[in-house]
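Chains X and A are the protein sequences, given in the same order. All you need for the working numbering is the position in the first sequence, starting with 1, plus 153. All you need for the working numbering is the position in the second sequence, starting with 1, plus 4.
Among these hints, one or two may not hold up.
Unchecked claim - What follows is a set of in silico ranges between Cβ atoms, one per label pair, in the way DEER data are often shown:
| no. | chain 1 | residue 1 | chain 2 | residue 2 | range |
| --- | --- | --- | --- | --- | --- |
| 1 | X | Phe183 | A | Lys68 | 48 to 56 Å |
| 2 | A | Asp49 | X | Leu180 | 54 to 62 Å |
| 3 | A | Ile30 | X | Glu167 | 51 to 59 Å |
| 4 | X | Asn256 | A | Phe38 | 34 to 42 Å |
| 5 | A | Thr53 | X | Leu180 | 32 to 40 Å |
| 6 | A | Met90 | X | Pro201 | 15 to 23 Å |
| 7 | A | Leu33 | X | Gly204 | 55 to 63 Å |
| 8 | A | Asp117 | X | Pro255 | 33 to 41 Å |
| 9 | X | Asp175 | A | Ser20 | 18 to 26 Å |
| 10 | A | Gln86 | X | Phe184 | 30 to 38 Å |
| 11 | X | Glu285 | A | Leu144 | 20 to 28 Å |
| 12 | X | Pro255 | A | Gly134 | 27 to 35 Å |
Said to hold, decoys possible - Under the rule of at most 27 Å between Cα atoms (straight-line distance), these lysine-lysine pairs were calculated in the DSSO-like manner:
| no. | chain 1 | residue 1 | chain 2 | residue 2 |
| --- | --- | --- | --- | --- |
| 13 | X | Lys192 | A | Lys62 |
| 14 | X | Lys194 | A | Lys17 |
| 15 | A | Lys17 | A | Lys62 |
| 16 | A | Lys68 | X | Lys228 |
| 17 | A | Lys66 | X | Lys194 |
| 18 | X | Lys194 | A | Lys68 |
| 19 | X | Lys163 | A | Lys17 |
| 20 | A | Lys128 | A | Lys68 |
| 21 | X | Lys192 | A | Lys68 |
| 22 | A | Lys17 | X | Lys192 |
| 23 | A | Lys128 | A | Lys66 |
| 24 | X | Lys194 | A | Lys128 |
Think of the hints as simulated: they come from the structure by calculation, not from any bench. Built from N, CA and C at the ideal position, the CB exists for glycine as well.
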Amino acid sequence: MAVLNQKKQKVSDEIPTSSMADIAFLLLIFFLVTTTFPKDKGLAIVLPEQGEEAQVSQRNILHLIVQPTGIVDVKRGEATQIQQMRPQEIEGLWRQEVTANPNLIAAVKTHPDAAYRYMVDVLDALHAANAERISLQILE
Amino acid sequence: MSIKGGGFERKSKTSSEIPSSSLADIAFLLLIFFMVTTVFQSDRDRPITWPEAEAAQKIDEKQKNILNIWMERSGTVYMNDQPYQMEQVSAVVAPLYSGSDRALVISIRGDRDVPYRFMDQLQKELVAAGVVRVVFAAELEQSMQRERR
């Protein structure tokens, strides 16, 4: 009978578990390394200290009046003449103006009913143009 | 001199290998522990539409020194998941600010369509609390998007 000659099977019938630890640690290390905590992004400004009011010559102020429509009225210091612009054009304007007058301050005056995003657009343009002296006000 | 054990040394039955069968369990336990305990944000997201800015930069401050102030379209202010009246803001922020050695950064997370009068009130409250460093949180805008507008 053939039963007598049957060879004992040498292949183990167990699932090999010795590499399981390696796989688990590999996963552990992978997740530890790839976890990134989302960092907030935004436009940083420095608020004035309370009661700190600086007198600035009108000559050094560039008025940027943000209207509820998002259009920006640009007024240079004492001049009465108003130039209307889109927020995206402020960047080029600021670069031009600041080379003419390095002491220039941007006074962003926003209409109370204007959406916040229009102010952010103007602030964004000023940040993009590396403006440092920015004053945020509300239009009265 | 007598031979120890009479020359019949018994074969040790203790395995000389470190038992590694439970190593997988330990590793998975650690994996699950870290997955469960990871907290991503202390305050949950509020339903706001972010304003977009091209020049938005990462806030260079430790997470514990950042206070998020949410402002919804209606002008409601939320701090740490609690709604507040506008007039309360400076009273709430001032002790937090002095408690952090004046290192606190305020991240204003305003809805893009909130009328500016609320933002102005909020800024005045923050000035009253003595806060200096403020960030207008915004989503990074790609220049491609900008050209389409």
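Here is what the structure says about each hint:
Checked against the hint of 48 to 56 Å, the C-beta distance between Phe183 (chain X) and Lys68 (chain A) comes to roughly 27 Å, which is inconsistent with it. About 28 Å separates the C-beta atoms of Asp49 (chain A) and Leu180 (chain X), a value inconsistent with the hinted range of 54 to 62 Å. Ile30 (chain A) and Glu167 (chain X) have their C-beta atoms about 20 Å apart, which leaves the hinted 51 to 59 Å range violated. Look at Asn256 (chain X) against Phe38 (chain A): about 54 Å separates their beta carbons, and that is not inside 34 to 42 Å.
Checked against the given bound of 32 to 40 Å, the beta carbons of Thr53 (chain A) and Leu180 (chain X), roughly 37 Å apart, stay inside it. The hinted window of 15 to 23 Å between Met90 (chain A) and Pro201 (chain X) holds, with their beta carbons roughly 20 Å apart. Checked against the hint of 55 to 63 Å, the pair Leu33 (chain A) and Gly204 (chain X) passes, with Cβ atoms roughly 58 Å apart. Checking the proposed 33 to 41 Å range against Asp117 (chain A) and Pro255 (chain X) shows it holds: the Cβ atoms sit about 36 Å from each other.
Separated by about 21 Å at the C-beta atoms, Asp175 (chain X) and Ser20 (chain A) satisfy the suggested range of 18 to 26 Å. Remark: the range hint 30 to 38 Å for Gln86 (chain A) to Phe184 (chain X) is upheld by a beta-carbon distance near 33 Å. Distance hint check for Glu285 (chain X) and Leu144 (chain A): the Cβ-Cβ separation is about 21 Å, which falls inside the suggested range of 20 to 28 Å. Remark: the range hint 27 to 35 Å for Pro255 (chain X) to Gly134 (chain A) is upheld by a beta-carbon distance near 30 Å.
Between Lys192 (chain X) and Lys62 (chain A) the alpha-carbon distance is near 6 Å, which keeps this suggested pair within the 27 Å criterion. Restraint check for Lys194 (chain X) and Lys17 (chain A): the C-alpha separation of about 64 Å exceeds 27 Å, so the hint is violated. Straight-line distance between C-alpha atoms of Lys17 (chain A) and Lys62 (chain A) comes to about 62 Å, which puts the hinted pair past the 27 Å bound. Note on Lys68 (chain A) and Lys228 (chain X): the hinted pairing is violated, with a Cα-Cα distance of about 41 Å set against a maximum of 27 Å.
Restraint check: the Cα-Cα separation between Lys66 (chain A) and Lys194 (chain X) comes to about 13 Å, which is no more than 27 Å; the hinted pair holds. Distance restraint check for Lys194 (chain X) and Lys68 (chain A): the Cα-Cα separation of roughly 16 Å lies within the 27 Å cut-off, and the hinted pair is therefore satisfied. In summary, the hint linking Lys163 (chain X) to Lys17 (chain A) is supported, as the alpha carbons are separated by about 25 Å, within the 27 Å threshold. Distance restraint check for Lys128 (chain A) and Lys68 (chain A): the Cα-Cα separation of roughly 24 Å lies within the 27 Å cut-off, and the hinted pair is therefore satisfied.
The hinted pair formed by Lys192 (chain X) and Lys68 (chain A) meets the criterion: a straight-line CA distance of about 12 Å does not exceed 27 Å. Pair hint Lys17 (chain A) plus Lys192 (chain X) does not hold up; C-alpha atoms about 57 Å apart against a cutoff of 27 Å. Distance restraint check for Lys128 (chain A) and Lys66 (chain A): the Cα-Cα separation of roughly 25 Å lies within the 27 Å cut-off, and the hinted pair is therefore satisfied. The hinted pair formed by Lys194 (chain X) and Lys128 (chain A) meets the criterion: a straight-line CA distance of about 23 Å does not exceed 27 Å.
When held up to the earlier numbered hints, the structure conflicts with 1, 2, 3, 4, 14, 15, 16, 22 and fits the remainder.
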